[in-house]
Amino acid sequence: MPDRRRWFQTTAIVYPNSRPHIGTAFEKLGADVQGRYRRMEGYEVFFLMGNDENTVKVSKRAAELGLEVQAYCDDMAKQFRQVWDALDIQYDTFVQTSEPRHHRCAQKFIQQVYDNGYIRKDAYEGWYCDGCEAFKSERELAGGKCPLHANLEPVRRSEPCYFFELSKFQDWLLEYYDENPEFIQPESRRNEIIQLIKTEGLQDVNITRRGEDWGIRLPFDPEFTIYVWFDALLTYITGIGYGADEAEFAKWWPCDMHFIGKDITRFHCALWPAMLKAAGIAPPRRVFGHGFVYKKNEETGVLERFSKSLGNVVEPMEIVTKFSSEAFRYYFLRECPFPSDGEFGWARFAEVFNADLANNLGNLYSRVVTLVTKNYDGVLDGTAGQKPRAIEGCTLPTTVDSVRAHIEACRYNQALEAIWRQVLDPANQYADKQAPWKLVKTDKDAAKAVLFDLLEPLRATCILLKPFLPRSAETIYTSFNFATPWADVSFADAAEAQPLNEDLRVLAQLDAGKVKPLFPRIG
RNA sequence: CGCGGCGUGGAGCAGUGGUAGCUCGCCAGGCUCAUAACCUGGAGGUCGUAGGUUCAAAUCCUGCCGCCGCAACCA
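Numbering (our numbering), first residue to last: 113 to 635.
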């Protein structure tokens, strides 16, 4: 057991050749919930994000726009961060791979791997397209021609390069997977990778490019630059001090969770641990390959991949501006299973928002506040030191345990479902059954007790929702004088009623005795 | 036989051997504190298909059909 529980997590490093879309945001969101949850649970958390800028595509894009590459990268990084900030992604560092620090540390790393004897100079031979000025794989040349330059004949070409000897790590990797069943998550992805390696095997990979101006120089042969994958993965260690601040690096490494898209599991589950092993560094603890979000075509009902050519890209800011970051967060976390695929459609978005946020949570909050305000002037006398009675169908300790388990397995949609079905629904049912608005006319104390009971599921919900909807949960929670300060709440507090030192009262700002709707219905 | 995933009431999903469940939508009723919100009840499924194993299969096995991902500006 480490003396202090710490949690280091990362999200995939993004190519900034276009602005982030919903799918990119989905990943950041899933990681954010995990990070916020771990913080609540007392972990010291470090959340690393960044942009992958040392690629030919980026320099081309900058050239198209007539910008200096660095200026272009800095501007994109700014734009990305604006989006992440708008979505309340709570990250601790944002690495740009064009930073001098990253360059230095990456060079140190590759030198180490070279010194350890896992990089060899050889010749790369393949089909080269003069139009693209790049090598093309057999697959890309299906039909014998480059799909982008059908008028040109691909030529056989050979050129010097450096190979990373990935094949040497195949057995070690399979062993590592075997000994660490949690390494690749979810399980379906793990099976996929193991199967892939067993059937196709791992080949040595060319990790250099020649004749590029933009990128990181190979320290032992400056004619070459480091190929983007080898360089990008290093962000995960250069961002926490590798090669610069060894104490800091030792504190955070190995990584507890790399969040990545399912398309790049190979790089993170095979290449990355092998690179680290080659440099004498421990492999990461877990890699989580999340699913993709597809766009539901509102007219045809067909699911499409977000793509510029289809013109169906939805930018996160569009939703945040129209609705709110909380609405954005809720939809994707509740509606799209993180471990597998999900879909986005405007109609569905409104449906989910209205049903769960407006009608259920928002309405429960507003009916309770109104009842307490109207009938008791906002103060429930005599509730100091009291404990609420349990509501039928709502066993908080059980629910808290299952929500916890779901979050730890990144099953965010199931965590949210549990909160709604096991806490909020019973609360609304209890309200209806006890009818405190009626009871208050005959037995004011009994009605008061019912309202006091109703506040408990609301309080627990806020705590459980804190990683998911940080703003709304805070607004609701701080509408009352609950005992534990918002900044200090943990899941354990949600399971057990916390007696107050003073009578319970409504602190929310009211307009004519009513709260402003937190989630105004759409439509 | 490249690898992998999916096919459950109108829509979206849960359910890995033992009376088919949830959300939305729809219909009827109740309530009126609340954001025309809330609560109760109902209609609607032979769980893609054909076989097999079993006392018992949506759930295990096999064949077939259909859809999708892994290779392309794209997470």
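None of these hints come from the bench; they were simulated from the model. Errors might be hidden in some of the hints.
What the hints assert, rightly or not - BS3-like, lysine-lysine: derived pairs with alpha carbons at most 25 angstroms apart:
1. 310 with 389
2. 374 with 434
3. 626 with 486
4. 280 with 169
5. 172 with 190
6. 220 with 233
7. 434 with 220
8. 545 with 499
9. 545 with 420
10. 499 with 553
11. 233 with 389
12. 169 with 310
13. 389 with 374
14. 310 with 220
15. 420 with 408
16. 220 with 363
17. 233 with 280
18. 550 with 486
19. 408 with 389
20. 190 with 486
21. 434 with 553
22. 389 with 363
As the list claims (entries may be wrong) - Derived DEER-like restraints, expressed as beta-carbon distance ranges:
23. 433 with 224: 43 to 49 angstroms
24. 357 with 430: 22 to 28 angstroms
25. 541 with 410: 33 to 39 angstroms
26. 410 with 212: 56 to 62 angstroms
Here the structure is a predicted model, which is why all the values come from computation and not from measurement. We treat Cβ as the ideally placed atom computed from N, Cα and C, and that holds for glycine.
Results for each hint:
1. 310 with 389: Holds. Residue 310 to residue 389 sits at ~20 angstroms (cutoff 25 angstroms).
2. 374 with 434: 30 angstroms, violated
3. 626 with 486: 9 angstroms, holds
4. 280 with 169: With a Cα-Cα distance of about 31 angstroms, the restraint between residue 280 and residue 169 is violated, given a limit of 25 angstroms.
5. 172 with 190: The hint holds at about 19 angstroms.
6. 220 with 233: 18 angstroms, holds
7. 434 with 220: 47 angstroms, violated
8. 545 with 499: Given that 25 angstroms is the threshold and the Cα spacing comes to 20 angstroms, the pair holds.
9. 545 with 420: 53 angstroms, violated
10. 499 with 553: Cα-Cα ~24 angstroms, so holds.
11. 233 with 389: 20 angstroms, holds
12. 169 with 310: Judged against 25 angstroms, a Cα distance of about 32 angstroms means the pair is violated.
13. 389 with 374: 23 angstroms, holds
14. 310 with 220: Given that 25 angstroms is the threshold and the Cα spacing comes to 32 angstroms, the pair is violated.
15. 420 with 408: Answer holds: residue 420 to residue 408 is near 15 angstroms, not above 25 angstroms.
16. 220 with 363: 19 angstroms, holds
17. 233 with 280: 16 angstroms, holds
18. 550 with 486: 13 angstroms, holds
19. 408 with 389: 42 angstroms, violated
20. 190 with 486: 48 angstroms, violated
21. 434 with 553: 43 angstroms, violated
22. 389 with 363: 19 angstroms, holds
23. 433 with 224: 43 to 49 angstroms: Check passed, 47 angstroms falls within 43 to 49 angstroms.
24. 357 with 430: 22 to 28 angstroms: Given a distance of about 40 angstroms, which is not inside 22 to 28 angstroms, the answer is violated.
25. 541 with 410: 33 to 39 angstroms: Because 35 angstroms falls inside the window, the suggested range holds.
26. 410 with 212: 56 to 62 angstroms: For residue 410 and residue 212 the Cβ distance comes to about 47 angstroms; the hint is violated.
Comparing the model with each earlier hint shows violations of hints 2, 4, 7, 9, 12, 14, 19, 20, 21, 24 and 26; every other hint is respected.
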